[in-house]
Amino acid sequence: GQQLNQSPQSMFIQEGEDVSMNCTSSSIFNTWLWYKQEPGEGPVLLIALYKAGELTSNGRLTAQFGITRKDSFLNISASIPSDVGIYFCAGQRKSGGSNYKLTFGKGTLLTVNP
Amino acid sequence: DGGITQSPKYLFRKEGQNVTLSCEQNLNHDAMYWYRQDPGQGLRLIYYSQIVNDFQKGDIAEGYSVSREKKESFPLTVTSAQKNPTAFYLCASSKGQAYGYTFGSGTRLTVV
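So the sequence lines, in the order shown, correspond to chains A and B.
According to our numbering, the residues represented by the first sequence are 1 to 114, in order.
According to our numbering, the residues represented by the second sequence are 1 to 112, in order.
Honestly, the hints are just simulated from the structure, not real lab data.
Heads up, some of the hints might be wrong.
To be verified - DSS-like, lysine-lysine: derived pairs with alpha carbons at most 30 Å apart: (1) A:Lys51 to A:Lys94; (2) A:Lys101 to B:Lys83; (3) B:Lys57 to A:Lys106; (4) B:Lys14 to A:Lys94; (5) B:Lys70 to A:Lys101; (6) A:Lys70 to B:Lys83; (7) A:Lys106 to B:Lys83.
Note that this is a predicted model, so its numbers are computed, not measured.
Just need the whole structure built from these sequences, with the hints factored in.
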């Protein structure tokens with residue numbers, strides 16, 4: 001199955017720094033989603049984007065739905081130790097009937113040094 | 001509170017044995033999914049179900065089986081035919097519309 005190209009694969013940053021990660025695809029998506037997964041747990045939805053060009057914030061997190069509908073980025077400002085985890089992008093589009101298939105990137109592992 | 005529950009959290013299996021992972025949701029979601037997660041591999045789709053008594057193979061269905069007899073439940077059986085079953089397994093559900101998925105907390109399966 002198709003996967004999104006998510007980069008970077010991993011990041012090691014100092015507390016207080018800003019972080020940026022992105023996802024690109026050769027296919028168009030109707031929705032872009034960003035999830036965070038902490039060790040030993042399931043992914044939790046951070047931000048959902050529904051329109052091309054949409055810019056949405058959730059606290060220190062900001063994400064954008066690319067104009068071409070083929071890409072998205074996530075920024076984290078002023079990182080803190082609890083931001084540690086794996087961040088996944090996901091693109092969603094209708095795959096038939098009422099099912100909206102979700103395609104995931106391989107994740108960005110974020111480590112924050114205090 | 002509504003949610004999706006996976007059990008057990010940790011599971012150990014001897015080679016050659018089948019094992020069933022439980023996934024229950026009370027979100028009234030129509031669609032349910034099973035993913036496998038290995039380090040550096042991201043999430044890979046095993047099986048999914050859009051409606052009761054119907055399910056489809058995902059990208060890596062070989063060695064796995066599922067059933068969907070009730071809307072709330074979507075158990076996954078890892079059979080002895082699965083060559084490398086040690087992994088973290090995630091169950092998810094969705095409304096079937098463009099709202100993304102809700103994930104369970106996962107089951108870590110180890111073959112000993």
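Exercise. Identify every previously stated hint that the structure contradicts and give their numbers, smallest first.
Key: 4, 6
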